[in-house]
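Peer 1: The lines below spell out each chain.
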Amino acid sequence: MNFLLTHAPILIIALPLLGAFLTPLISRLHPKMRNIFVLTILIFTGFLTMLLTRDVLANGIRVYVLGAAPSTLTVPTGSIMPVRIILETDALSVLMAMISVSLAFVSALYSSKFMENRTGLDKYYTLLLLLLAGMLGMELTGDLFNLFVFLEITSISGCALVAFYTDRGESAEAAFKYMLIGTVGALFVLFAVALLYGEYDALNIGYLASKIQYSFLDKIALVLLVGAFAMKAGSVPMHMWKPDAYGEAPASVVIMLVTSSLASLYALLRVCFTLYGNVLNTAVVGWIIIVLGVLSIFVGVTMALVQNKFSRLIGYTAVAEIGYMLLGVGVGLASLTNGSIEDYGLKAVQGGLFHIMNDALDLGLLFLVAGAVFYSTGKSDLNKLGGLAHNMKYTTIFFMIGLAAVSGLPPMNGFASKLIIYETSYQLEPLGPILSIIAILSSILMLAVFVKVFHSAFLGPKLKEYENVKDAPRSMLIAMGILAVFIIIFGLFPDTVINTIIKPAANALIDYQGYIDKIMGGV
Amino acid sequence: MIQHFPFIAVVILIGLGIYACMFKRNLIKIVIGVSLIESGVNLFLITLGYVKGGVAPIYTNAPGTNMVLPTPQALTLTSIVIGLATTALMLSFAVLIYKHYSSIDAKTRRLKG
Amino acid sequence: MFGKLSNMDFHVISQQKPFWLLSLGTLETTAGYWNAVVFVIAFVVIALVVYIIRAFGEKTYKKGSEQTKPFLSGNPEPEKEKVHVRADNLFWGFTEALKDYYTPAVRGHTGIVNDYVYWFVIVLAGLFIIIGVGT
Amino acid sequence: MNKKIGFLAFAVVFVFLFLSAMYMHPFGEPNEKDMDNHFIEKGQNDTGANNIVTSVVFDYRGYDTLGEATVLFTAVTGVAVAFSMAYGKKKEMKEMSKIVRTVTNILYSFIIIFGFYIIMHGHLTPGGGFQGGAVVASAFALLVISYSALKIKGILKKENFSVSECSGLFAFIALAFLGISTAFFYNFLAGGTVFGNIPAGINPGDLNTGGVIPLMNIAVGVEVLSGIGLIILYMFTYGKEAKE
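Residue numbers (the numbering used here), protein chains in the order written: chain Y, 9 to 531; chain S, 996 to 1108; chain X, 90 to 224; chain G, 675 to 918.
Warning: the hint list may mix true and false statements.
Chain Y regions said to be covered by chain G (calculated; three or more residues, Cβ under 8 Å) [claimed, not checked]: (1) 153 to 162; (2) 174 to 188; (3) 221 to 230; (4) 345 to 357; (5) 375 to 383.
Here are the simulated distance ranges between beta carbons [unchecked claim]: (6) Thr-1103(S) to Pro-700(G): 43 to 51 Å; (7) Lys-40(Y) to Thr-856(G): 34 to 42 Å; (8) Val-493(Y) to Arg-196(X): 36 to 44 Å; (9) Arg-62(Y) to Glu-168(X): 54 to 62 Å.
Since the hints were derived computationally from the structure, they do not count as laboratory data. Please read all numbers here as calculations on a predicted model, not as lab measurements. Yeah, the Cβ is synthetic: ideal placement off N, Cα and C, and Gly gets one too.
Looking at chain Y on its own, in the form it has when it is part of the complex (with noise of 0.2 Å):
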């Protein structure tokens, strides 16, 4: 066990990766074992997440340096600096690995029977596993230019999962559009890592947070890297990918997007709070995120309301549900001053990042259920849905709780951390209240869109066309019973959640010196 602990960071990011490499080689013996082989890879790698979750919460930061002789070594004797890649997991990426896992396996079981039918599935299931690496690559890495390496993992396979219906064109013509963009940001980010590289000579966030010194070239590099990731997170202005690529992925290849884009907004939480720690000029840098976020919260539902195809309209949700999180981070981000935080600013950190485990559960139970209409009656948009709520019973209660929890009625999860976010951004200084203002009816506009998409696909008298529509198959509900379940238990039990990981994850996202001193610190 000791083994496995030592080595837990690499070993969760190689076994997708190692999966992945096979899952070709073993679906030419037999399909059903590649399914079941898939799901092993996804139960052992959340166990090892879990494994490595308890000992972060429990003992700090831990820190893995890969190919060095005892691999705690960081800075190599007779050097100043860490030369090698180093993998560092505090409480805020392991709070993510979790995240991401979980939905991984969650979308991988919904997806042996929602994908049954279509060829090329050892294809599907090895960017699956792709995907997943790709997002623990860059939530578990201290290294920017390996931040870089995987984020581009995580877009080319993103896409390509979203071409996957390559008999529709409008599949191929939203993958092209995630593709240009996504490599338009990361291109950006290369750039910014080098403006950082030619200044210190140095890759690692943990160096390099200790060296930089805010001039001019930092600032544009910072520049970059806020806009690129803010980008891949789906921020307004740059949002429109995200319907379009939503709109057309299968359901259970949307819930691993969402986790992907949660894992840019993380690397956006980590150059601010982190690589800039000590010099960032707060106030600004804050500001620009909340604005940020309250232009997503308001357009994503505003234009969610006029959709009227199923999963676009989630799609939209999605982007009002990323503005909560950059509302709630943005106003910690923002009552840091040189060092010292405000209470109200670590809670609201704290609801930022409750938010975004809610959320992600929300949104994925949302998608899965749009994936079972889907499936059972073969039509995703509104205008032709009706009366689905007689015969698809057990969809109908999910969607009742996604319903509930993404637009924050009181019961459930959304409603915890949403408080937070509105009652810790009433208190910020200048503009505080307008603040949650916007952020409280745009939480009741979601309300009335999912309360129309609840009336014309469920609700309404028994349709002739969909008389003998059969409820979604067995593995289906169990995936999305599994997010209502936990969806429920977050709800009712806030404060166990964000006592035991929430507020380790941060606290270690505002502590960058203790990020910096486990790198420069040695063995």
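Go by the hints and put chains S, X and G onto chain Y.
Peer 2: Showing chains S, X and G alone in chain Y's frame:
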């Protein structure tokens, strides 16, 4: 000023690439624009690592020991292969779009609003 | 100021030994606290009260009989497809009222690939000016 | 997409990138060289390879290269997804003239040998798995162009390439896993007897140095040549019978 010519060439390449991505209608030209940005960033990485009078960092029959920085070359190797991967994928999506829409103009699209 | 005041009151209330129930799911936010379990219990109690009041309702209502037919002043009921309100015209009033916001907003998402890069470059330019020149 | 605002924003971004070019250290005089000096001085000793760039690519930052080989594998799978649909009429690619075909018959074997030379000597001379793999893949492109794609189907089959790509990648990650007792990507063969005696200073460079690096070079070379070969085959032969 002469010291900054390589970096100016980099910025011109990246500027051309962005211009092509923003204003060109043909999908293939947009992909060419992206590969222009890629070559610009690769050139930037390489020019960062040059040392005046330096030799390639290879010890086999090396003429001298004043060597150029090896890391940018390693990073550029990675970014060239990534450029190959993205260009190949984008071109195959363009083929797919042409197959369905029988036109590769950015204006013919169905996902809007 | 208002936030601070109410914070103290809540702390005073919750100092007295709360039931094990209260402390189980209580979420401490800076300006007060939230407990989902108590909310659910209150919800169930109120639902019970509502059900009891409903039980005093009109007994003569029979489920599948004539009474469930909508009264369309005698006209025959149109078949189901026409009755069901489709998605587009559900929030017709809202979108009609905000027409001068919605038409540019919907047209804003043009779907042309160049516009995606266009918006990205605009945000970059804005950030350059704010961060590059500003601070 | 308002052209004027678009051009204005483009101009602002261009100006700021231009300023970053001006503020950057002058070409040829990098102001910080600590990490790279460490590589140049200790590279031979730590990894046993003469070519410091290859030691950085496969040993110091080997994890990046694993990520990058995965990027290529993802792109090949993506291209396979995009072209897996058998649609459209079969495209009859005519053969090239007799002259081209005879030249190809002579040339392509030399290209393949030269490619494998580059792969094998990655840790001594400039080159390595990726460069050598690309050279060998160019031989496949030559074959496919000169003999029309459909006739070449007999020799260059997609299944073989896919299997060899996956096995190359599996070999690469297995080599990385073998060092797991101390750390992932640990060069456990360096300093050993068979593969890893450590050269010092300037030397003519013999083959059995570099520990794990030459093996990784071969694994990545096999993966790259079959990956790019697959992309070429998918792009040339998509059409009615393109079911894989």
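Peer 1: With reference to the structure, classify each hint as holding or not holding.
Peer 2: Results of checking the hints against the structure:
no.: 1; hint: 153 to 162; result: holds (count 6)
no.: 2; hint: 174 to 188; result: holds (count 3)
no.: 3; hint: 221 to 230; result: holds (count 4)
no.: 4; hint: 345 to 357; result: violated (count 0)
no.: 5; hint: 375 to 383; result: violated (count 0)
no.: 6; hint: Thr-1103(S) to Pro-700(G): 43 to 51 Å; result: holds, 48 Å
no.: 7; hint: Lys-40(Y) to Thr-856(G): 34 to 42 Å; result: holds, 38 Å
no.: 8; hint: Val-493(Y) to Arg-196(X): 36 to 44 Å; result: holds, 42 Å
no.: 9; hint: Arg-62(Y) to Glu-168(X): 54 to 62 Å; result: holds, 60 Å
Against the hints set out earlier in the document, violations occur for numbers 4 and 5.
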